[in-house]
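> If you want the building blocks of each chain, they are given just below.
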Amino acid sequence: MSGLDNLYREVIMEHYKNPRNKGLVENENYKTFRIKNPSCGDDITIQSFVIDGIIKDCRQEGHGCSISMASASVLTEMMIGKTVEEALEVAENYLNMVSNKQYNETMDLEEAEVFSGVRQFPARVKCASIAWVAFKDTLK
Amino acid sequence: MSGLDNLYREVIMEHYKNPRNKGLVENENYKTFRIKNPSCGDDITIQSFVIDGIIKDCRQEGHGCSISMASASVLTEMMIGKTVEEALEVAENYLNMVSNKQYNETMDLEEAEVFSGVRQFPARVKCASIAWVAFKDTLK
Amino acid sequence: MMTNPWVKDFPQLNSGMCYLDTAATSLKPLSVIETLDHYYHDLSANIHRGMYHAAVETTQLYEETRETIARFIGAETEEIIFTRGTTSGLNMVAFSYGLAHLKPGDEIIVSELEHHSSFLPWQEVAKRTGAVLRFVTLNEEGRITVEAFQETLSEKTKVVALTYVSNVMGFITPLKEIVSLAHDTDAIVVVDAAQAIQHIEIDVSDLDCDFLAFSGHKMLGPTGIGILYGKQNLLQSMEPFEFGGDMNEDVEKGQSTWKTAPQKFEAGTMPIASVLGLKTAVEYLQSIGLKQISEHIEKVHRYAIAQLSQIDEVTIYNKTSETGIISFNLSDVPAHDAITFFAEQDVALRAGQHCAKLICDWLGIHSCLRASVYLYNTYKDVDRLVEAVKQAVKYFKELGF
Amino acid sequence: MMTNPWVKDFPQLNSGMCYLDTAATSLKPLSVIETLDHYYHDLSANIHRGMYHAAVETTQLYEETRETIARFIGAETEEIIFTRGTTSGLNMVAFSYGLAHLKPGDEIIVSELEHHSSFLPWQEVAKRTGAVLRFVTLNEEGRITVEAFQETLSEKTKVVALTYVSNVMGFITPLKEIVSLAHDTDAIVVVDAAQAIQHIEIDVSDLDCDFLAFSGHKMLGPTGIGILYGKQNLLQSMEPFEFGGDMNEDVEKGQSTWKTAPQKFEAGTMPIASVLGLKTAVEYLQSIGLKQISEHIEKVHRYAIAQLSQIDEVTIYNKTSETGIISFNLSDVPAHDAITFFAEQDVALRAGQHCAKLICDWLGIHSCLRASVYLYNTYKDVDRLVEAVKQAVKYFKELGF
Ligand SMILES: Cc1ncc(COP(=O)(O)O)c(C=O)c1O
Ligand SMILES: Cc1ncc(COP(=O)(O)O)c(C=O)c1O
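Protein chains in written order, with numbering that gives the first Met the number 0: chain A, 0 to 139; chain B, 0 to 139; chain C, 0 to 400; chain D, 0 to 400.
The following block holds chain A by itself, in its conformation from the complex (with noise of 0.2 Å):
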């Protein structure tokens, strides 16, 4: 049971409990994407506002596992205030780490740190990743 306790990590328990930044908001200045994955049922719509290069806003919606619904929350936190640039270097290296990839262990992952006890569910990295890459596609 250590790999599961491993893979249900406070943090992630926490938000998903308690979601942040949940509920979309109309506003065609903020730019949407939606991912459903068909094999799960997962369903995650990701948004974000940019000013001058910066995140001013971040927002989800959805349905899932508690991993993809806590990702998605963990990101929307950890992106608000983060400039496009530094956005998609932290995305990109989150991606790489759930993923088992090669990724950069010195940048600081800050809360979404806590997804690293995916790696070892290969089967679940599509949870902890789909919300990341849907807002990788809102930053387009």
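Calculated directly from the structure, the hints in this document are not laboratory data.
Be aware that one or more of the hints could be misleading.
Stated by the list, open to error - These stretches of chain B come out as covered by chain D in the derived footprint (C-beta under 8 Å, 3 or more residues):
(1) 34–48
(2) 55–66
(3) 111–125
What the hints assert, rightly or not - Derived DSS-like pairs (lysine-lysine); straight-line CA-CA distance at most 25 Å:
(4) 139(B) / 81(B)
(5) 252(C) / 155(D)
(6) 389(C) / 16(A)
Every value quoted in this text rests on a predicted model; they were computed, and no experiment measured them.
Just so you know, even glycine gets a beta-carbon here, dropped at the ideal spot from N, CA and C.
Got chain A; can you put chains B, C and D with the ligands on it based on the hints?
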């Protein structure tokens, strides 16, 4: 080699070298059927001319291996003079014999008997059958 | 406690795994694996045209497989087409038959129980031809009934494409009556038998369906092989779906001609090893008998339903199913969280939409867990599942779900 | 005399058979058979969505295969589609790309060297779209030359579908120059690499072809698996060829959406075991190196040509071939009579039109014998062939041929 000698029986070689009833006739009373075997390159046409339920003439033309050529030749010689009913019965029995199915061993297959050696060569069954299948189609 | 005499035939169970995922793919008996080994070890030849020993033996086994399958489902040998799987077979029908026969306004009857492989080809064909998809209204349990089918059927119906057994609900469709009604209005019936072939005795001449498709890998056979049955007159009237080696008769620069069915539909080198393995799989099934298999499934299935029903936190979506498929959720625990717990306990289930999103929509769920019981499962497997469910409920509750 | 270090890896040779039929299908090394055994014995799981150990390992091996293949031919992972074989891959291109892009009057360049699997799909697409087939004029040897290609190429050319290596003549097509010329007029190039992949180093990014297809079973891999490489932008722009499980994104009653390539083209359960086996096959090829393999083939091939040329009754149709394929006939002995003699001697050749009737027509023959030399063949195999040829000549002469 005994198997091979069983296949290349004298009668077969004789028909291969001196094919009977070779060459088609242009006569609309002759029913014509052509079969090309796309994998081995055999190409055989059979014609039959029936009056009052009796096969008055049977012709053959084409190219292929010795077995297919000889069996076409034997076929034509045997069929001339038979009733359509007899002919179909004999053809059916012959086809069952060469493909190693149940067949009526008491029926006289005349010279066609020599093709029984083909049973030991499943890959040559088609060679021995092609003219006979085409013949059946001329009677349809 | 019964002892299961078949478990020993399935080497995959040696690891101690509790395998309840047969609806995704079945385990394979040793005899099937040995057939594959024989092909790869001793033969490794291509079929047709080769005259050396290995090629002749391979060709013979290949064609014997067709006869074995034909007898297994009451068809003629010429009505058996080797395919890559159910999906390929159903696509062949949709595109070779459907595209050619459907006109704008024609209707295709499907259901929300369809697997995507039985639904999407017809959705696409409808789009391309202007035909209209009609859905049989499911009853309150989620079943296709003859009455509801009859209401959907009309003079415009040209194709009926239905699953024999739903891979989520496990219900058996009353096909015999449906086929008969459909034929009364000259519609053809295409059956997705992927979840039926391994435990229901099918006699296509009795069922009278026009096409029927299934997969080897769900019936103890190898991956990469499936069967499409089609009535001879329909197959002969259809254009090939793929073009290439061995399906042609004469080839000329300007124009070519095709062999008759089934060869017309088998272009290029087929999955030879898997074909041979499928023969052994069918022989294994026949040696036990589908009747005995379904009785065994039923016993274990009923036991599982009884046990799981006693757990408050379990919602079962198909309690009344007559086959081995159980779809359920744990309250407040998303299926993907639960499934990870089961995996850690080496209990093999599946979570998700099971390639059948329409029935998930109908059930009003995003996803669910699915356990499926088969020949090699025992009461002990059920006990392990039940124990794992109880532990999962406890674990996730404590985590705060 | 060299000793062949690879023979021991191929258990099929234990029977003492002289195997000269690799162009039909290759033998399989033990390591490939072991991979299949591992899958069937220990895993037997479906890919994706399963979370238990066997499903996770299977999924991982499956996706690693894609990476292995991508590296093997210099492609991106997303450009590698698993298919049933070369035939399926070429049909996908013809029907998903060709049907959508060709208009009446457009031209498709093919050649008389094409295998039916590379020719018939385009003949059919031409028929359906009104596009016109153009044949590259072969030179006196039967080769496709850059000059002849250039003469056939025009502004109307939209698709060029050519074989990399002919399965009858064994000639290597000068593809690099052809691709470059074709791209100058905005035509795409589809390569049939079924007879190239096992001995020619292919780098698709260097070759710059648009599509390239090959089969596992001809490159030491299992039956029932092939690869279609396609440039990413082309794949993304194409409609799926088959519809069903796992290739969809969202499914609604009215409309559905697809995943991106390659998943878009992989509908339903794939031939999982064969995919895994293909990875091992490629690893085996890489461990030796295609360069070393082709050098070995060349040596044995040259020896065979030298020996066979000394027999008066042998007509070789492709003496100058640079690969391992030898097509020939014995004078006055139809190929099917000769092949039966060889089979009796356990010398595995093939006779017929080799699914390439157009080149038989070009050669003016009805059929021929084909011997093909590969990695595991030795001078001794050639000696056996030559001895068998001599005996056959004598035998049939005595019979009166
Ligand atoms: C040149 C060539 N192209 C295509 C094919 C077809 O390959 P497959 O039968 O594996 O689909 C073959 C082999 O038969 C071939 O030799
Ligand atoms: C009911 C049903 N139909 C069709 C399929 C598709 O079968 P395959 O993936 O083997 O093509 C499946 C299995 O996935 C199924 O359960």
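> Hint by hint, where does the structure go against what was stated? Just the numbers, ascending.
none
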